[in-house]
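Chemist: Use these hints to put chain B onto chain A, whose structure you have.
Number of protein chains: 2
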Amino acid sequence: MAHALDGLLDQVRLLWHVMGRAAESLHRDEPVTLGGRAVLEFLVRNGPAVVPDIARGRHVTRQHIQALVNALRELRLVSLDDNPAHRRSALVRLTPEGRKAIDRMTRRERRLLDGLALKARPDDLRRAAATLSAVREALGGRP
Amino acid sequence: MAHALDGLLDQVRLLWHVMGRAAESLHRDEPVTLGGRAVLEFLVRNGPAVVPDIARGRHVTRQHIQALVNALRELRLVSLDDNPAHRRSALVRLTPEGRKAIDRMTRRERRLLDGLALKARPDDLRRAAATLSAVREALGGRP
Chain A
22 MAHALDGLLD QVRLLWHVMG RAAESLHRDE PVTLGGRAVL EFLVRNGPAV
72 VPDIARGRHV TRQHIQALVN ALRELRLVSL DDNPAHRRSA LVRLTPEGRK
122 AIDRMTRRER RLLDGLALKA RPDDLRRAAA TLSAVREALG GRP
Chain B
22 MAHALDGLLD QVRLLWHVMG RAAESLHRDE PVTLGGRAVL EFLVRNGPAV
72 VPDIARGRHV TRQHIQALVN ALRELRLVSL DDNPAHRRSA LVRLTPEGRK
122 AIDRMTRRER RLLDGLALKA RPDDLRRAAA TLSAVREALG GRP
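Chains as they are written, first to last, in my numbering: chain A, 22 to 164; chain B, 22 to 164.
Derived by calculation from the structure, the hints in this document are not laboratory data. Predicted model only: the values in this text are computed from it and were never measured. Note that the Cβ used here is the ideal one computed from N, Cα and C, for glycine as well. Worth double-checking, as some hints may not be accurate.
Unchecked claim - Among chain A residues calculated to face chain B with C-beta under 8 angstroms, some are:
hint : residue
1    : 80
2    : 112
3    : 155
Claimed, not checked - Now the in silico label distances, taken between C-beta atoms and shown as ranges:
hint : chain 1 : residue 1 : chain 2 : residue 2 : range
4    : B       : 135       : A       : 50        : 43 to 51 angstroms
5    : A       : 132       : B       : 124       : 27 to 35 angstroms
6    : B       : 117       : A       : 114       : 51 to 59 angstroms
7    : B       : 91        : A       : 45        : 19 to 27 angstroms
8    : B       : 82        : A       : 31        : 42 to 50 angstroms
9    : A       : 73        : B       : 56        : 21 to 29 angstroms
Chain A with its partners taken away, still in its complex shape (with noise of 0.2 angstroms):
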């Protein structure tokens, strides 16, 4: 058991690399780092968040947070709004130029998965998500 689960996290370490530079070489025109990219995507889908939200639903530390939310903000691509439910922490919002870039990156990202020969169906992609997604819960990560 030991040994298998151990093979499938080099797999994720060795596979998050890859997609790390794949999507650097994808996205090399626009100013949005990675990480700033996945906070662009975690409005989309959630609407407004405040930064501890956001740093729970990614599984990291809201100074890394705060940080590529300043870095957003001053790219113009989220404001900060005063939010009445929590006092200390402004509301993270899309503008309308953070919206396009996301919009932008994503369907640059479809294009290339479309576009890859992938040895792999539909139901082994979706069984290896579920799995990837037990091992998450198991070692302390929400599902």
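Modeler: Only chain B this time, still in chain A's reference frame:
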């Protein structure tokens, strides 16, 4: 297909962050970073190697590996030897202290993994690993 692949890639990103946080907490008393740990593990598996080989094996840049090797060398966990085969690339080699450090970290990880309450069978884990390897190959990383 693309939707199933999207879902899998998102699970990879999420699990990668959870693995990183679990490892940071597990190894909080070690001076070695997670990147440094990956270099030490590469040297255990493959023996002494030059920086470009380690970078290729982990799908990251040479500059990134060089910085990790420099930090490990300051900690006296690796040594750099003259390399008759590559005049410009010194051979990176584990020191006895480096070997002890990676063995200690690996034992600690093994205890953590053995203790996980995992809702996935070894077969699921192996199949997921094979699927991730196929995705990596399609994305341009070596299988």
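Chemist: Confirm or reject each hint.
Modeler: Okay, the hints, checked on the actual structure:
1. 80: At about 4 angstroms, which falls below the 8 angstroms cut-off, the nearest Cβ of chain B leaves the hint on residue 80 of chain A intact, so it holds.
2. 112: violated, 23 angstroms
3. 155: holds, 4 angstroms
4. B/135 with A/50: 43 to 51 angstroms: Check passed, 47 angstroms falls within 43 to 51 angstroms.
5. A/132 with B/124: 27 to 35 angstroms: violated, 46 angstroms
6. B/117 with A/114: 51 to 59 angstroms: The hint (51 to 59 angstroms, Cβ to Cβ) holds, given that residue 117 of chain B and residue 114 of chain A are roughly 55 angstroms apart.
7. B/91 with A/45: 19 to 27 angstroms: holds, 23 angstroms
8. B/82 with A/31: 42 to 50 angstroms: violated, 19 angstroms
9. A/73 with B/56: 21 to 29 angstroms: About 27 angstroms separates the Cβ atoms of residue 73 of chain A and residue 56 of chain B, which means 21 to 29 angstroms holds.
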